[in-house]
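Below, each chain spelled out in residue letters.
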Amino acid sequence: MTDIASETDVLLQADPRDQDRAAQKRHSPIAGFWRTPKSRVGLIILAFFVLLAIFGPLLAPYDPNALSDDLLQPPSWDHLFGTTQTGQDVFSQFMVGARSVMVVGTIAGLVATVISVIVGINAALFPGIADELLSALANVFLVIPALPLIILIAGFIPSGGGWITVALVISVTAWAWGSRVIRAQTLSLRNRDFVQAARATGKSTWSLITVEILPNLVPIIAGSLVGTINFAILSQVSLSFIGIGSSNDWNWGTILFWAQGQQALAQGAWWWFIPPGLAIAVLGMGLTLITLGIDEFVNPKLRPGGLDKKALKRAGVRSRVGYTAVLLEEEPS
Amino acid sequence: MTQQHIGEPVLEIRNLSVSYGMGDSEVKALDDVTLTLRRGEVLGLAGESGSGKSTLVYGATRLLSPPGVVTSGSVLYHPADGSAAVDILRVDDRELRRLRWSEIAMVFQGSMNSLSPVFKVERQLIDVIAKHQPHTTRRQRVVRARELLTMVGIPQDRLSAYPHQLSGGMRQRIMIAMAMALQPDVVIMDEPTTALDVVMQRQILQEILRLRSEVNFSVIFITHDVSLLIELADRIAIMYAGRIVEEGASHEVYRNPQHPYTYGLLNSFPSLHGERKAVVGIPGSPPDLQRMPSGCPFNPRCRWAFEDCTEVMPPLEVSGQAPREGHLVACHLHRTSGALPVELTPRREVPTR
Amino acid sequence: MKYILRRIFFYAITAWAAITINFILPRLIPGDPVQSLLNRFKGQISDEAAQSLYVLFGLDTSKSLWDQYIEYWGQLFRGDLGLSFTFFPTPVSEVIGQSLPWTVVLVGVSTVIGFILGTVAGVLAGWRRGGWAERLIPVTSFFSSIPYFWLALLMIAIFAVNLGWFPDSGGYDIFTDPGWNWPFIASAIYHGILPALTIVISSFAGWMLGMRNMMVTVTNEDYVVVAHAKGLDERQVNFAYAARNAILPSVSGFALSLGFIVGGSLLTEMVFSYPGIGFVMFQAVQAKDYPLMQGVFLVITFAVLVANLIADMAYVFLDPRTRSEV
Chain C
1 MTDIASETDV
11 LLQADPRDQD
21 RAAQKRHSPI
31 AGFWRTPKSR
41 VGLIILAFFV
51 LLAIFGPLLA
61 PYDPNALSDD
71 LLQPPSWDHL
81 FGTTQTGQDV
91 FSQFMVGARS
101 VMVVGTIAGL
111 VATVISVIVG
121 INAALFPGIA
131 DELLSALANV
141 FLVIPALPLI
151 ILIAGFIPSG
161 GGWITVALVI
171 SVTAWAWGSR
181 VIRAQTLSLR
191 NRDFVQAARA
201 TGKSTWSLIT
211 VEILPNLVPI
221 IAGSLVGTIN
231 FAILSQVSLS
241 FIGIGSSNDW
251 NWGTILFWAQ
261 GQQALAQGAW
271 WWFIPPGLAI
281 AVLGMGLTLI
291 TLGIDEFVNP
301 KLRPGGLDKK
311 ALKRAGVRSR
321 VGYTAVLLEE
331 EPS
Chain L
1001 MTQQHIGEPV
1011 LEIRNLSVSY
1021 GMGDSEVKAL
1031 DDVTLTLRRG
1041 EVLGLAGESG
1051 SGKSTLVYGA
1061 TRLLSPPGVV
1071 TSGSVLYHPA
1081 DGSAAVDILR
1091 VDDRELRRLR
1101 WSEIAMVFQG
1111 SMNSLSPVFK
1121 VERQLIDVIA
1131 KHQPHTTRRQ
1141 RVVRARELLT
1151 MVGIPQDRLS
1161 AYPHQLSGGM
1171 RQRIMIAMAM
1181 ALQPDVVIMD
1191 EPTTALDVVM
1201 QRQILQEILR
1211 LRSEVNFSVI
1221 FITHDVSLLI
1231 ELADRIAIMY
1241 AGRIVEEGAS
1251 HEVYRNPQHP
1261 YTYGLLNSFP
1271 SLHGERKAVV
1281 GIPGSPPDLQ
1291 RMPSGCPFNP
1301 RCRWAFEDCT
1311 EVMPPLEVSG
1321 QAPREGHLVA
1331 CHLHRTSGAL
1341 PVELTPRREV
1351 PTR
Chain W
2001 MKYILRRIFF
2011 YAITAWAAIT
2021 INFILPRLIP
2031 GDPVQSLLNR
2041 FKGQISDEAA
2051 QSLYVLFGLD
2061 TSKSLWDQYI
2071 EYWGQLFRGD
2081 LGLSFTFFPT
2091 PVSEVIGQSL
2101 PWTVVLVGVS
2111 TVIGFILGTV
2121 AGVLAGWRRG
2131 GWAERLIPVT
2141 SFFSSIPYFW
2151 LALLMIAIFA
2161 VNLGWFPDSG
2171 GYDIFTDPGW
2181 NWPFIASAIY
2191 HGILPALTIV
2201 ISSFAGWMLG
2211 MRNMMVTVTN
2221 EDYVVVAHAK
2231 GLDERQVNFA
2241 YAARNAILPS
2251 VSGFALSLGF
2261 IVGGSLLTEM
2271 VFSYPGIGFV
2281 MFQAVQAKDY
2291 PLMQGVFLVI
2301 TFAVLVANLI
2311 ADMAYVFLDP
2321 RTRSEV
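Residue numbers (the working numbering), protein chains in the order written: chain C, 1 to 333; chain L, 1001 to 1353; chain W, 2001 to 2326.
Simulated from the structure, these hints should not be mistaken for lab results. Beta carbons are placed, not taken as given, at the ideal position from N, Cα and C, and that holds for glycine. Among these hints, one or two may not hold up.
Unchecked claim - Mimicking EDC-like on lysine to aspartate or glutamate, the simulated pairs with C-alpha atoms at most 20 angstroms apart in a straight line are:
id	chain 1	residue 1	chain 2	residue 2
1	L	Lys-1131	L	Asp-1157
2	L	Lys-1131	W	Asp-2233
3	C	Lys-203	C	Asp-193
4	W	Lys-2002	W	Glu-2234
5	W	Lys-2002	C	Asp-193
6	L	Lys-1131	W	Asp-2319
Said to hold, decoys possible - Some residues of chain W that are not near chain L, with every Cβ distance over 10 angstroms (derived):
id	residue
7	His-2228
8	Asn-2245
9	Ala-2314
Claimed, not checked - Simulated restraints, written as ranges between beta carbons of each label pair:
id	chain 1	residue 1	chain 2	residue 2	range
10	L	Gln-1133	W	Trp-2165	47 to 55 angstroms
11	L	Gly-1168	C	Leu-43	41 to 49 angstroms
12	L	Gln-1165	C	Asp-131	22 to 30 angstroms
13	W	Arg-2027	C	Gly-162	20 to 28 angstroms
14	C	Ser-188	L	Arg-1123	31 to 39 angstroms
15	W	Leu-2065	C	Ser-188	37 to 45 angstroms
Please put together the full structure from these sequences, using the hints given.
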């Protein structure tokens, strides 16, 4: 029975002896990743927000802190996203806040991922006490609910801890998941032939890691990074919403904090709380799509297709496990 | 050696073609294969990995997982009571489910994965009885399950065991027992001994022969190890790159192989008896089905290949050079007028049964 | 059994870690929060109360760190989590005791509903690749990308403010008598619907995606093909053979999901001013009420550990391979 699975795999893998460069390009992993609609949409969304982060503060028409006499105005050409209870321009707050969101999210994500890579690889390559301790540590941080812990730690920091502090606090909890995944992957790599071979020829552990292992971990690390950034952004925004975290930067959570505090809902000031929240949601979804795209890339079974859907639809057959599709030329007798 | 009376066809596979994927990425795994199983017969199906032997039977029973698609052909099943033949490929789902297991059963490889790890053995033996014979009571089904275990020589207390608690040999026997549950007409065995050691292999094979004499069913036996088939099978079909390249009575094929591939296969196994000789093997490797050589798929590895071989696909037919009854071969050497290589020439008369 | 014991041991370690974190944190911040509190409520604090606060915050510099640690543990064992600053002089344990049941019910019910709905949807999506269930995935992913608190705001805006179908805050109608009477319970349920819906919608996608991915993997396993070969109904194969195996990672991964859901539920409570432990945390944070913050954190963590233990026991029940240690 495993014969079937291996037959299928054998048949559908690109021939490694493929000398045709064009064919190689077609089969290249990056090309495949780009072609997946999920990843493409996700990357476009991400690019949009990165641009927003870079140019946002430059494009903001007003100083986000500036008060004015236009209190609680709905959107207009003057104020694209309307104004707050104190006459501040929501659009400017939004544009300025984009940078904070992206920066904190990225820093937290990077720091957490670096930690998880270090922990994960070390746990896998040095079995025994080191592995047990590191794994236990990761598991502890996984089980303890992240947000309450982040809130607790952030709450103890004297108010106005800058965004770097927030980023670091978030990374304290965010590294655990990635380290588990990386450890698992490194373990499976460790037992593979080429690693054993490298070991046998006396390669130093360091070069083993950089040359043999890390390149193979790239997709997993990329997926972990994106997922962690997603988590970090969400946490940062949540912290600001509650009122902890850097209160002097206008990240979207802060905007919502004020919106909530000033009863924007009850007053029907939808323009105040819809844009920031929507932005968070869209950005989050973009990152999730990229993660899904990476998932599909890593696990080919998740990819939709293998069978040309249109061709099958034309033939009127559905493909199911246990009921192989049969193309009928004529009506069944 | 079988003593059964070999009768009318029970399973006719005609012009079966199977592809993986469709459109641009379509790979032809099986190309216009015709094969007939007769009642009471043991038909051996041999070939390397990727030859299409498993694809053939899974395609024929519609158990091929996506992205496999059957692109043409028919599979006629002739019920024992003489009623009209049924085309398995065209029958509706309900009828297909009815036919499955009660008429045509499969013995899968007894790997860890063939049994659901979360159910006891008893449940997996019984649910198929419950499905096909709903009028039976639970007690009757348990009794039957016990019978089945005894049939394959497993202690009855194993009914309450989980698959991970059993050895490989036991799991394989359970797969066999499971196949016997509804006394099917046709049993397809997919490499049932591959994962086992030689001693266990022998036991299982003997088990199978014994069951055959008791219960009387027809068998398609798939393996990559031709030597197993020589004693076990009545007929042997050799597959290569999705086609049947040779087919005939087992002793005939063994003594007088007519296809270069078969010859290579048979001479790849060192014999325990007889004089020592150089083991030949077959140079090269099986073709990539996405890029098949033109003409005969074996030609790159064949030491007797000539012009025709790279141009035209040879049909499966009786040899023109050395015709033997019931012995088919797909090779241009047998279609030309030149002399046959001595290796592929029939040596002596084979005792007929 | 050994499996459960190992898990309990792990949870004990995690609990120890949480307690230790609680112990260390206040000792990292500069300044003396207790002193300011004492100044504020001069004369109203008994000596024991002041003493317990000192133990909590480690301001008794006459003792070594280790001694403080031991004392802290002692206090915890007596159930003394200190006095709340905001609800002074109510002990933290009492504040938590009043709000915890609300959260447990809300989060418990919502999680179970979300799990069941999400898992079933995942089974259907994995069963019929490319069917309607699978097309749901982008939509549900979107909903799960929405921060819990924003979804809560949206729900209020749409269903409470605009449509007026549900109340926009609170856990119950303040005009009813808290207690085991029908009007109270009815209003509690009524008030709980929007928060619960928020949690269910947000967590649904996670369960669904996880289950669907696992179904895809499992459906390609040999035993599923064997089940089909046996002529069993598609429904039987997909639920009894495929889903039954595919659900295992969801159960064992419950820990991770629960942590995230609990976090989100806290935010939801804050938005709805729902009288649960999340709202209490919110108030504690606003007021820099350290003892309360710490107490809430501990209780939440313990609750999560207990929930995990239950999930582990369910896992042992579901997967026979964990029962016999090979």
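Verification of the hints:
{"no.": "1", "hint": "Lys-1131(L) with Asp-1157(L)", "verdict": "violated, 24 angstroms"}
{"no.": "2", "hint": "Lys-1131(L) with Asp-2233(W)", "verdict": "holds, 8 angstroms"}
{"no.": "3", "hint": "Lys-203(C) with Asp-193(C)", "verdict": "holds, 14 angstroms"}
{"no.": "4", "hint": "Lys-2002(W) with Glu-2234(W)", "verdict": "violated, 36 angstroms"}
{"no.": "5", "hint": "Lys-2002(W) with Asp-193(C)", "verdict": "violated, 34 angstroms"}
{"no.": "6", "hint": "Lys-1131(L) with Asp-2319(W)", "verdict": "violated, 25 angstroms"}
{"no.": "7", "hint": "His-2228", "verdict": "violated, 6 angstroms"}
{"no.": "8", "hint": "Asn-2245", "verdict": "violated, 6 angstroms"}
{"no.": "9", "hint": "Ala-2314", "verdict": "holds, 13 angstroms"}
{"no.": "10", "hint": "Gln-1133(L) with Trp-2165(W): 47 to 55 angstroms", "verdict": "holds, 54 angstroms"}
{"no.": "11", "hint": "Gly-1168(L) with Leu-43(C): 41 to 49 angstroms", "verdict": "holds, 47 angstroms"}
{"no.": "12", "hint": "Gln-1165(L) with Asp-131(C): 22 to 30 angstroms", "verdict": "holds, 29 angstroms"}
{"no.": "13", "hint": "Arg-2027(W) with Gly-162(C): 20 to 28 angstroms", "verdict": "holds, 22 angstroms"}
{"no.": "14", "hint": "Ser-188(C) with Arg-1123(L): 31 to 39 angstroms", "verdict": "holds, 33 angstroms"}
{"no.": "15", "hint": "Leu-2065(W) with Ser-188(C): 37 to 45 angstroms", "verdict": "holds, 43 angstroms"}
In summary, the structure is inconsistent with hints 1, 4, 5, 6, 7 and 8 from the numbered list given earlier, while agreeing with the others.
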